[in-house]
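**Q** Spelled out, the chains give:
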Amino acid sequence: MDFTPHTDAERKEMLADIGVSDFKELVKGLPLYEGDFKIPSGLSEGEVVRLGHELGSRNQAPPRLLSFLGAGCYEHYSPAAISALMSRGEFLTAYTPYQPEVSQGTLQTLYEFQSAICEITAMDVCNAGMYEGASALAEAVLLAVRETGRQEVFIPHTLHPDYKAVLDTYTAEASVQLIDVPQRNGQMDLDFLRARVTENTAAVIVQNPNFFGIVEPVVEMGPIVQAAGAFYIAVVNPLSLGLLTPPGEFGADIAVGEGQALGIPPGYGGPYVGLFTCKSKWLRKMPGRLVGQTVDVDGKRAFVLTLQAREQHIRREKATSNVCTTTALIGFCANFYLTLLGKQGFRDVAYQNLAKSHYALDQFRQIPGVRVPFGDSPFFNEFVIQTKVPVENLQQALLEKGIAAGLSLKKWFPELENASLWAVTETKTKADIDHVAKALREVL
Amino acid sequence: MDFTPHTDAERKEMLADIGVSDFKELVKGLPLYEGDFKIPSGLSEGEVVRLGHELGSRNQAPPRLLSFLGAGCYEHYSPAAISALMSRGEFLTAYTPYQPEVSQGTLQTLYEFQSAICEITAMDVCNAGMYEGASALAEAVLLAVRETGRQEVFIPHTLHPDYKAVLDTYTAEASVQLIDVPQRNGQMDLDFLRARVTENTAAVIVQNPNFFGIVEPVVEMGPIVQAAGAFYIAVVNPLSLGLLTPPGEFGADIAVGEGQALGIPPGYGGPYVGLFTCKSKWLRKMPGRLVGQTVDVDGKRAFVLTLQAREQHIRREKATSNVCTTTALIGFCANFYLTLLGKQGFRDVAYQNLAKSHYALDQFRQIPGVRVPFGDSPFFNEFVIQTKVPVENLQQALLEKGIAAGLSLKKWFPELENASLWAVTETKTKADIDHVAKALREVL
Amino acid sequence: MESLIFEKTQPGRRGYVLPALDVPSIDPAAVLPALALRKKVSELPEVSELDVIRHYTRLSQLNFSIDTNFYPLGSCTMKYNPKVCEQVANFTGFRSVHPLQPASTVQGFLQVCYELERMLSEICGMSEFTLQPSAGAHGELTGLLIARAYHKYKGNARKTVIVPDSAHGTNPASAMIAGYQVVNTKSDPKGRVDLKALKAVLNEDTAVFMLTNPNTLGLFETQIKEVAKMVHDVGALLYLDGANMNALVGLIRPGDLGFDIMHLNLHKTFSTPHGGGGPAAGPVGVTEALTPFLPVPRIRKTEQGFSVEETAPLSIGKMRAFNGNSLILLRAYIYIRCLGREGIRKLSETAILNANYLRAKLHDRYQVAIDEPCMHECIFTSAKQKRFGVKTLDIAKRLLDYGFHPPTIYFPLIVEEAMMIEPTETESKQTLDLFIDALNKIADEAERSPEILKTAPHSTPVRRLDEVKAAREPNLRWRSVPVKVSNPPTPAKT
Amino acid sequence: MESLIFEKTQPGRRGYVLPALDVPSIDPAAVLPALALRKKVSELPEVSELDVIRHYTRLSQLNFSIDTNFYPLGSCTMKYNPKVCEQVANFTGFRSVHPLQPASTVQGFLQVCYELERMLSEICGMSEFTLQPSAGAHGELTGLLIARAYHKYKGNARKTVIVPDSAHGTNPASAMIAGYQVVNTKSDPKGRVDLKALKAVLNEDTAVFMLTNPNTLGLFETQIKEVAKMVHDVGALLYLDGANMNALVGLIRPGDLGFDIMHLNLHKTFSTPHGGGGPAAGPVGVTEALTPFLPVPRIRKTEQGFSVEETAPLSIGKMRAFNGNSLILLRAYIYIRCLGREGIRKLSETAILNANYLRAKLHDRYQVAIDEPCMHECIFTSAKQKRFGVKTLDIAKRLLDYGFHPPTIYFPLIVEEAMMIEPTETESKQTLDLFIDALNKIADEAERSPEILKTAPHSTPVRRLDEVKAAREPNLRWRSVPVKVSNPPTPAKT
Ligand SMILES: Cc1ncc(COP(=O)(O)O)c(C=O)c1O
Ligand SMILES: Cc1ncc(COP(=O)(O)O)c(C=O)c1O
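Chains as they are written, first to last, in the working numbering: chain C, 1 to 444; chain R, 445 to 888; chain Z, 889 to 1382; chain L, 1383 to 1876.
Do not take every clue at face value.
Unchecked claim - Derived lysine to any residue pairs resembling SDA-like cross-links, with alpha carbons at most 25 Å apart:
1. K1274/Z with R1253/Z
2. K388/C with P373/C
3. K410/C with E34/C
4. K723/R with Q670/R
5. K482/R with Q995/Z
6. K882/R with Y33/C
7. K1541/L with D1587/L
8. K762/R with I1258/Z
9. K1421/L with K318/C
10. K1607/L with V1564/L
11. K1572/L with K279/C
12. K1743/L with P223/C
13. K928/Z with K456/R
14. K725/R with Y1002/Z
15. K1607/L with P223/C
16. K281/C with Q1749/L
17. K1279/Z with S619/R
18. K318/C with I1796/L
19. K318/C with E1389/L
20. K854/R with L1139/Z
21. K1329/Z with V1564/L
22. K1078/Z with K882/R
23. K1607/L with E34/C
24. K1534/L with P1484/L
25. K279/C with G149/C
26. K28/C with Q1749/L
27. K729/R with K854/R
28. K1234/Z with R1253/Z
29. K1113/Z with Q1192/Z
30. K300/C with E1389/L
31. K38/C with Y1002/Z
32. K456/R with K1249/Z
33. K281/C with K1422/L
34. K438/C with K468/R
35. K482/R with K1249/Z
36. K472/R with L1139/Z
37. K1234/Z with D878/R
38. K1534/L with I1796/L
39. K854/R with R791/R
Treat the hints as calculated values from the structure; they're not laboratory data.
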């Protein structure tokens, strides 16, 4: 099944109008591929749906799978109204709103997205979305390095390993020096920062909650970074901001984050939306698109892409970033989520995450063979445990009971023996938690 | 979770504006229920979705279940574009188009539905949809009885038993006499009709293909019915009309049918759409809504509900029917289906049903222990077999292999020992058919 | 405006293709008799998937709908239809289930139906419900056939059904189909039952008295218990047209008031979407004495799970093929599970509050038919606008220009120039205030420039339609070859 | 126009509620340090689900989109996005999968990714692809970092990336981020590579030459093999910006032309919906020599099924968290499985046919930048309209009144007053003819009443916007309390 509408008769007629007798004349002399493409024959829609069902059934997924995986991607309730709106063709099949007169739907929704993200982060400005969290962080670091002219960037040891990897990739060639900030009881070592952050420091990064789920001393860090005139860059889980001090209130110059927690399906890795916010003094240095409010010739309020002089299509190699298409529709999703939950619901969801994860850890603690390495450190909705058996064994045993255990940390933190990272969100009932605790007890 | 928007403050303000201090004043003196409603507490959306998943997973359904059930409800491919359109709020949440100026979407789509159904049935007119097939037939019979002033109605023994049951219910009090027309080799006995149809006959009904899947001698019947001045009423499977002589060409006065086959999900029984078509001479006697083309004051083409003088809201007890709300949205679905399949696709799907069911019967025939009672009679996409073991045993054994066997006919046709009715549509691959044949062989 | 999809046809174009045939192809003529084979091909559209999506997406935008506009259509309960109900109804485990599957394979669906029936019975104070009827009118017919079977069982089917003049047209129409003579009875000035008038027509021939409560003027039948007594005294049954149950759920139980039979409109009270005129569902509830007559199948809860009872000796039989509009029932089930016992009361309280708010705010500028506290809807008239030559129709059409769907107009028939406004409980005070503003502006316009109203609407995709032409020269379908219309054309307007 | 959702707020109103907490409640202050706790609540909207649905449904209707309008935006490949791809992407078995699940639990998704990668490699004639990049520009950066890693591995990272002046802005921007200096090179009069100019800048410092083919004038680089040779002769790599692959799929394989690295835009060529500016996916393909440098993870097919390789010694590392925009990849996979080997060729042939048809039909009234057979798009200018004072912008805006989305305008930069029209293969002759009619009428209007164009659009939800005001007085967010804008207001227009 292809999606070309022409009949043979029409093709002929069109070729005649063009003045050629055969399509080949239009590509005469071009190096056409003579071989046979080794891809399967086309399928009809019915076959492809069946194929989709087959392939989909070879994945395990919630709600059948009871999953405690988090680590930067979380299972949250996503209101049904969101997908109803996201599937509307007018949103789904529009391009970037280059013609504002016929794109007010996209533009106003993005403006509302920017506004909502500013509200939750307490930052001055927010762009219309980045690819996802990790590359948004990389862009923030590039901005800091560019603006300060300095090279040292402090990276918490407790930063999400993928974010660290992406920073490595993005800065590999930029003579940036990434300095690992050690952890103490799962938190950044402030003494280390006090000792090492200087006027050579371009930026200090904090992730809050950090990869271990632990809440960092973000407020205390501020003066240390600011004293050195460095950029204070925060990576936040937006969902935690219903409860946690937002980056705009702990002095962050730039706050980025992964928007996935805001009602966006895990989808095996994407698409998500990267959040990028900053103080207004960095407005003209920001990457990505910005939607602004203005008026039309009749004086009507209207929205438009603005401050494009930062962008690649105008500034080319002098642009603040290379991004072009990002993730407008996923930004919509985040915006719909924040709007539906609203002022109170946004606090509620953060609170429930806190309560459920704490209940879970309280249960886990009581299981012989479970150790809590960062027992005293405050955490939001995930935590690390160490078990007397290797995490792989645990995973396998729980999988047989339909449970996806917490993530094994071996790959990145070999120093934490048999450690795993468990996320417990509002989607887990008390019964679910008791069930997994029982299962753990049986396995250990 | 309820869906009332008011805050307490607003409620108070509104009560004050009304001039009462408490809601109770508005219902003062009314016999309010003092007890506690014994229904569960309200659930949040997240809980209800989880409940839905749980309940849904306690049903078996295609594509996991390989089903050969038909008998008036068929599994067909339904193009993805259909549900994309049907979920649009503007279609889904509009009322009956009483205000045509702001309902052209509904009205034009219904007009196109009427047109498409007229095209496939070759009938003169079609209304905007009835509840479903069986009650549409009942309405047709009531019309015939009313218009002829006669009481005898001939019902094929091979009519869908539910349709027969509904006719019984609808005509129980109307002193209508339902006469059973015996079958011969699975078809209506024409000699019986020749002998018995007279000027006392209000209507003769034919179902094509009939309940056994068999194609009836619809053309041959025409003159017998017409000679008696009776109504020739056809019940058709619209999907078969890609291949079979349409009622408009075999002289039916009224043709009704179940629209479900036209891309509508089985949905455990509904909602479907009843098709009701007739010769134009019965136009003003038709039940249900009709959309007509007209112009607006500016001369623009526009569509409107018309000939409402037939309907209950105008004529009350003298109306042609009591129906009011029927199934507009499901009519849309049928229309989208016919439009997407189009002229050629509509023939293709009928043809594939024919080919697949014939292939299946060819395989089944070869299985020892399978007998084909109506072996020589032509059939469309389902057929009856008799097996050496009771159908219940067969069903149970196949169900364990993930197969829903054909329908047991014991309840309605005890004379056909161990008979089952198998539908094989275009959704069954050769592999599926070979698979079930193998399974049958193992079981028998 | 969009052209017809048929006019977009291009011979040979395809919008959907099937899998290639993977079984031996056969010649239809070899397996089917020549007479059985279609000769002339149907002239269905030949268009692409894009053509279809674009055509109908654009068409859809020509509609007003709850999702886009306030839609206070009286008697229709155009409340918000929660998206979660749609989401669950689209699960494959519900959508793709065949109605004849063995009970063991549909336990989830049976549970939904069973529990829904129990909840509806509890909400209405009835003994049992049948979920089979496909809409309100279908429910009426079901209920009347149950009544008839009951009377017959008692020895006399009786002859008449009494219907108030304020009733919806489906009531008398259903009575007729059920084989009864319809006796109309006058309402009192407030649209309530006139006890004297009722008394005059009630007798041993009366099978059923059909009542809408709150009545179609939005008022509660305060004498309902007397009415019930009178009806029962002659051995007749009292039927409730439950179209207005949005005023009662969680507050008042019809079964407690003396109703013997009632139908619900799930597509009104229980928020299943209207779809431009259906699908719907019209479950019928009865008191215990009438349960033996309910249609089959019945769903039973047993030790081994849920089972389907296919026959019952006194049952009226089946009202339709299969079991009912299950996906609609499922939506209503999910809706009630969302609301729960607290939510259903809040529903009706808010519906009543909203209607009374509109009454209070509008009654200076618009005549209220009966100015006393109303239930979930309120009837206004254009009496105050009459002297400017403005009719209810004009006000309704002008509302379109303000982006509001008009109320139900010219119903109930007993109120001259009626405008029946039902705001429902899901609309906010802000929306109601905007609507009030618009109606006030229209009242100003009626005084100052009535022409604007009489020629309204002005900003809709099409303007007022020539309905006479539509009826006189019926054009009910596209035709591949234009044919002579069966009725000769007559001048469009008189 | 709709007010902002923030302006519809009503304190205390709720649009969604969570399940009641079923674990012991805790005091946040008891488990979190005081400084970690948020003090000031976010001023998010307080609205109902109905408010949200109505607000955004209405907003959505203000958009043009493929589903509602012809959208011939050059370089953007706004083709029809089949609904079946959306349907499959919404299956729970794909939607709800966590990116860190064990490989054994995601075999279906791994198969999708693996097979997609193989098919893209085959279509492009490249050795392997990475599916990780999130969009075209992200792919460019990935490709350039691969090039850099490769050169470094060879002993010298080199210094420059050469970019033609006709290139898309992302090319130089990506080169910059990859740590290269950008050397711009002039195109020949047909927008093709000027071999002399290229020769002049190519040297041992050149890391990569980035080329778009067909170029941004819609023309095929006929000297591509010479170009490749020149580039390779200095040890540099040839990069293809694959944004225009809609002209080539199934016809010509970039790998066969000498390209070493390329990216695809799945949201263009492979029909994943644009969503108003993403999501997207920009897979990068490389020749065999470069495969060791591809980002991790890599998916491998083994005897035991599909597995994920997390590290590779020479890999550039990761371009983003997790594995990629999997639900977008899935859509593209389904799309290619629909088309199959026959369909991909028909795709590009039809895209080319449609573009040439517009060229042939429009070139009387509009100047064609280079009047020779084009590939999938064609660049026109407003040169013929200049003498009436009409610019490309005016023509574009006037098209809106005719219900068509305008072409891409003012790109490529090397064509004055460019209008880049890309019809795509999914639009019918009928639609193209209507578009041609509209452009012809606009050409008439330009001659007879240019004012209509200069003040266009006239029928859109809003009219021309004050973009200067937007930039000078940035208002980028709603605020609960209006604050002084950071830039002092200046007169709106100069
Ligand atoms: C009072 C009343 N009774 C009966 C009905 C008929 O219900 P339905 O349209 O579902 O058949 C309606 C619906 O409009 C109504 O308002
Ligand atoms: C020629 C060309 N190159 C690169 C890009 C950038 O692609 P993306 O927007 O996916 O980052 C585009 C998209 O507009 C383009 O047209």
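**Q** Need the list of violated hint numbers for this structure, in ascending order.
**A** Failing hints, ascending: 3, 6, 8, 9, 11, 12, 13, 14, 15, 16, 17, 19, 20, 21, 22, 24, 27, 28, 29, 31, 34, 35, 37, 38, 39.
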